[in-house]
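Chains A and B, in that order, give the protein sequences. Just so we're aligned, residue 1 is where the first sequence starts under the UniProt record's numbering, counting upward by one. Just so we're aligned, residue 1 is where the second sequence starts under the UniProt record's numbering, counting upward by one.
Some hints could be false.
[Said to hold, decoys possible] Using 30 Å as the maximum straight-line C-alpha spacing, the simulated DSS-like pairs for lysine-lysine come out as follows:
id	chain 1	residue 1	chain 2	residue 2
1	B	Lys160	A	Lys38
2	A	Lys103	A	Lys81
3	B	Lys160	A	Lys264
4	A	Lys38	B	Lys23
5	B	Lys137	A	Lys153
6	A	Lys38	B	Lys164
7	B	Lys131	B	Lys143
8	A	Lys103	A	Lys153
9	B	Lys101	A	Lys47
10	B	Lys170	A	Lys38
11	B	Lys170	A	Lys153
12	A	Lys60	B	Lys101
13	B	Lys131	A	Lys68
14	A	Lys287	A	Lys82
15	A	Lys153	B	Lys131
16	B	Lys170	A	Lys60
17	B	Lys131	A	Lys60
18	B	Lys164	A	Lys153
19	B	Lys131	A	Lys59
20	A	Lys103	B	Lys137
21	B	Lys143	A	Lys59
22	A	Lys264	A	Lys351
23	A	Lys60	B	Lys137
24	B	Lys101	A	Lys153
25	B	Lys137	A	Lys38
26	B	Lys106	A	Lys38
Simulated from the structure, these hints should not be mistaken for lab results.
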Amino acid sequence: MSLRNFISEAISPWMKNEGPDADIVLSSRVRLARNLSKPPFPIAASKEQLEEVIDLVNKKCVTHTHRKFGELELLRMEDMKKNEKRVLVEKHLISPNLSDESKAGAVLLSEDESLSIMINEEDHFRIQVLLSGFQLTEGLRYANEIDDWMEDKVDFAFTENRGYLTSCPTNVGTGLRASVMMHLPALVITRQMNRILPAINQLGLVVRGIYGEGSEALGNLFQISNQITLGKSEEDIVDDLRSVVSQLIQQERAARESLLQQSKLQIEDRVFRSFGLLSYSRTMESKEAAQHLSNVRLGIDMGLIDNVSGNILNELMILTQPGFLQQYAGEILSPEQRDQRRASLIRERLKLEN
Amino acid sequence: MLCQECQQRQATLHFTKIINGEKTEFHICDTCAKDKGEYIPGSNSFSIHQLLSGLLDVDQPISSSGSGFMKPRAELRCESCGMTYRQFAEIGRFGCSNCYKTFNEKLDPIFRRIHSGNSVHGGKVPRRIGKDLHVHKEIERLKQQMQEFINSEEFEQAAKIRDKIRSLEKSLNDKKEG
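Please model the entire structure based on the sequences and the hints provided.
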């Protein structure tokens with residue numbers, strides 16, 4: 001398969017670098033946790049009981065076409081190869097937990113992959129809407145529509161007092177987790193992140209590096225999400241997150257501006273060094289790739305590089321993960337082979353730009 | 001320093017918790033810590049709860065002397081999925097929707113701790129079940145009223161209300177089958 005075809009098949013709409021403030025907010029995600037009222041939650045249910053949950057969804061939801069998301073396809077984890085599941089995890093469509101731990105896991109996917117409903121993960125259902133750019137309000141609206149649409153067909157566990165009942169007490173109430181993936185290189189370079197992170201935590205929000213471990217943020221990508229799910233309305237939760245994200249966007253823009261004015265030469269040097277490494281390297285680890293992709297993306301956004309499209313970071317952060325590299329190669333690769341393939345995929349991808 | 005919970009024994013466990021920037025200090029005795037420990041749901045990672053239960057697994061000499069306080073309460077167990085409160089505290093996950101009812105008396109402090117002081121839902125109410133909730137509430141209210149009429153021997157009134165209840169219950173059942 002040619003690289004161009006492989007990319008067009010592998011890319012979900014949320015990686016396309018569209019939508020408001022897409023230069024800083026790469027994607028917005030809204031997730032609702034829901035459970036059926038009768039059967040035990042996945043942690044306490046038997047395989048048979050969980051199979052019944054899948055059958056119920058198969059009967060009631062798959063046969064109906066939803067007007068926004070079209071036809072939904074049901075994929076059972078047990079029918080999928082290991083690397084196929086890994087690719088879905090790398091696209092953020094399912095969780096590692098569903099892929100590896102569930103007794104009887106499945107996922108409902110919309111054709112454009114902006115909607116995924118995980119079945120029998122920690123809860124019976126995890127409705128997830130994933131959009132590109134800063135679109136939390138839209139994400140909540142779509143997730144609510146899907147929620148209503150499912151509620152017409154199946155009985156959710158809900159009480160007036162506690163709201164939607166979830167397996168983990170940290171999700172009870174709205175079952176809502178709203179999050180954004182942000183690219184914040186200028187705040188990291190100017191060392192403002194260390195000051196900002198604790199402030200965000202104090203507002204009941206959580207910040208994580210997306211691909212890194214612990215507090216390390218690979219590719220200067222951060223995920224910010226709400227922590228509290230009980231006692232506040234869905235709209236308030238999303239609004240609180242939105243206002244913090246808006247401020248971060250402003251701060252990042254201001255930091256980029258001051259970098260351009262005060263240390264343009266250093267920034268240019270940094271950006272073009274990374275561009276050179278990505279263009280000519282013969283082997284590259286994922287950590288190194290993430291850092292250089294982040295730099296090049298910053299260069300594009302600041303107008304220093306103008307012949308490369310901006311979605312290169314979104315695309316290549318996904319496509320250079322092990323699962324995708326193996327899918328493209330059509331075989332299982334050793335870590336050394338992956339580093340080699342990664343470097344060559346990035347080189348080829350950059351050539352497509354010219 | 002006396003234990004802030006029971007105000008009777010010497011506080012031996014001191015810890016500080018910071019949730020969303022809100023700092024809370026705890027000074028409690030071994031016995032109360034044992035009770036409290038169950039309120040802190042465990043997660044996959046190493047939690048305060050594990051730390052506490054690890055400490056408290058050792059038999060404390062004080063517990064043998066304070067006989068009155070130490071009687072273990074009958075353990076809560078969910079009828080529907082069989083999960084005990086102890087299991088819930090260990091794995092930090094409910095087993096089914098009925099667990100919320102079974103453990104209800106213990107949940108408020110847990111939720112308040114996790115959700116910045118909130119323990120009551122303030123968001124969306126599902127359209128279909130939401131409607132049923134109102135009907136269920138209305139039925140509860142009517143049943144009470146009927147009982148009052150029966151108590152005051154106004155059977156004619158009670159019969160009227162009984163018919164109302166029946167028609168409401170019928171509407172609920174019809175919806176389920178339809």
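(request) Report the numbers of all earlier hints that the structure fails to satisfy, in ascending order. (result) 1, 3, 4, 20, 21
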